[in-house]
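Protein sequence lines, in the order shown, are assigned to chains A and B. Once you know that position 143 of the first sequence is 1551 in our numbering, the rest is easy, because the numbers rise by one and skip nothing. Once you know that position 87 of the second sequence is 1495 in our numbering, the rest is easy, because the numbers rise by one and skip nothing.
Please note: incorrect hints may appear among the correct ones.
As the list claims (entries may be wrong) - Some but not every residue of chain A turned toward chain B, in silico, with C-beta under 7 Å:
1. GLY1422
2. PRO1577
3. GLY1589
4. ARG1592
5. LEU1595
6. ILE1597
7. HIS1602
8. TYR1611
9. GLY1614
None of these hints come from the bench; they were simulated from the model. Ideal Cβ placement from N, Cα and C applies to all residues, glycine included.
Protein chains: 2
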Amino acid sequence: MTLTTAHLSISLDGYVAGPDQSFADPLGRGGLALHRWHLGSDQGEVDARWSDRILRPGCAYVMGRNMFGPVRGGWDSWRPTDGSGEWRGWWGEEPPYHAPVFVLTHHEHDPVEMVGGTTFHFVTTGFADALRLAREAGNGDVSVAGGASTVRQAIAAGELDELTLDIAPVVLGGGERIFDGSIRPTLEILEAEHSPLATHVRYRVG
Amino acid sequence: MTLTTAHLSISLDGYVAGPDQSFADPLGRGGLALHRWHLGSDQGEVDARWSDRILRPGCAYVMGRNMFGPVRGGWDSWRPTDGSGEWRGWWGEEPPYHAPVFVLTHHEHDPVEMVGGTTFHFVTTGFADALRLAREAGNGDVSVAGGASTVRQAIAAGELDELTLDIAPVVLGGGERIFDGSIRPTLEILEAEHSPLATHVRYRVG
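So here's chain A without its partners, still in its complex pose:
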C-alpha cells in the first residue's frame, strides 16, 4: 500500500508559521521556535527519530508555491534580490529532498534540476495533477511537504492518509494556521512520543 503523508511542526495555538512572513523572515515572527526540536543543538534521541521521518526515501513531494518561493507573483518577482540569477528554492544547490518535487504555481516554468537528485517540477493545473504526477514519479508514496494550505488541499481532497504533527511548546499568537476552519478531518492517534522540545503525534486521517 502506498501512503500519502504530511509532516508539520505546529505551535500549541495551531500555527505552522508566525505572523509577518517575508523574504527576510520566511517562517514569520517567532516561527523558528517551531523547528527547534529538529534544528536545535539540544535535540535528543526522540526528536532525532522523528526528524528522520520528515523526508521519506523513495517518495516524491508536492509543495505549495509559498514553500518554494518567498513571494507571490511570477518568476521575475522570485529572483533573489541580490540579482544573482533565478530563484531555485530556499535550500541551496543541493536540497534535502533527493527526489522529484512538484511545486504548485500559476506560472509555467521548465523543471529545475538541482544537485543530488532533486528536480523541481512546476504544476499549473492544480493539486490533483501535482499529486498524480508525484505518485507516478516516485515509488507511489507521496509526502506533501507544505505549506499549510497545500496540506489542507490534500485533506479536503480525501487524499492524505497520515498527518504527523510536532507540537512545539510555543504560542505564536498569530500566523498561518493548519486548521483554519475550512476542514474538519476525522483523526485517529496512531503513535505519539515526546521530548522536552516537542510532542510528536502521528494521526491517521479519516
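With chain A's structure known, arrange chain B on it following the hints.
Frame of chain A, contents of chain B only:
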C-alpha cells in the same frame, strides 16, 4: 510550594469548546468529543491516570461565570428554564469539587452550599480577588477550572504555574480558543503521555 494549575481538554485546532454554545449544548457543536478520553466508556489506563488529575484534593477552585452558568446576565436569567428554582451549576446536587469554588461574576450572590463539601462563592471584584480567596480557602493550591478566558486571565496575571492540556484528535473548526492571540506564555514540557483518545501534556508556564 503551592501550585496554581489549570487542566483543559482541547481540540487539535485549539478549541476548548465547539461553536454555538448554548444552554442545550453547553460544550458547543462537537465539543463533547473533546472529553471522550475521560467520559467515554473506552477509557484506558493512561487516560484514567490523567482523569484523576483534573480534580486536585485539598485545593480550592476558581471558575469563570460561563463555566458555572449557561448564559450571560443576572441571576434571574440563570434560572433553569423549567422553573425549578435557582441555578446551582451544571453538576447536580453533589458537584465533584468537594471544595470551595470561587465563581467570577458581575452579579452578587450569597454562597451556595452543595452536598459533599462543594460551596460556590461568587466574586464580583475580579480574578485577582478570586485567586486570593481560593488560596486562603484551601491548602494554598488552586485549580483554575475554566473556561478559557479565566485560564487566560491567570496566565496574563503571571499566576499560573502549570497548564495541562489533553489534546483530543478532533478538529472542531470553530468555538472558543484557549490561545486567542492575546497571550503568548513561555511553556516548557514537563511530562507527556498518550492514548488512542488523547495526547496529554503537562507544561510549566513561564
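Each hint tested on the structure:
| no. | hint | in the structure |
| --- | --- | --- |
| 1 | GLY1422 | holds, 5 Å |
| 2 | PRO1577 | holds, 4 Å |
| 3 | GLY1589 | holds, 5 Å |
| 4 | ARG1592 | holds, 5 Å |
| 5 | LEU1595 | holds, 4 Å |
| 6 | ILE1597 | holds, 5 Å |
| 7 | HIS1602 | holds, 4 Å |
| 8 | TYR1611 | holds, 6 Å |
| 9 | GLY1614 | violated, 10 Å |
When held up to the earlier numbered hints, the structure conflicts with hint 9 and nothing else.
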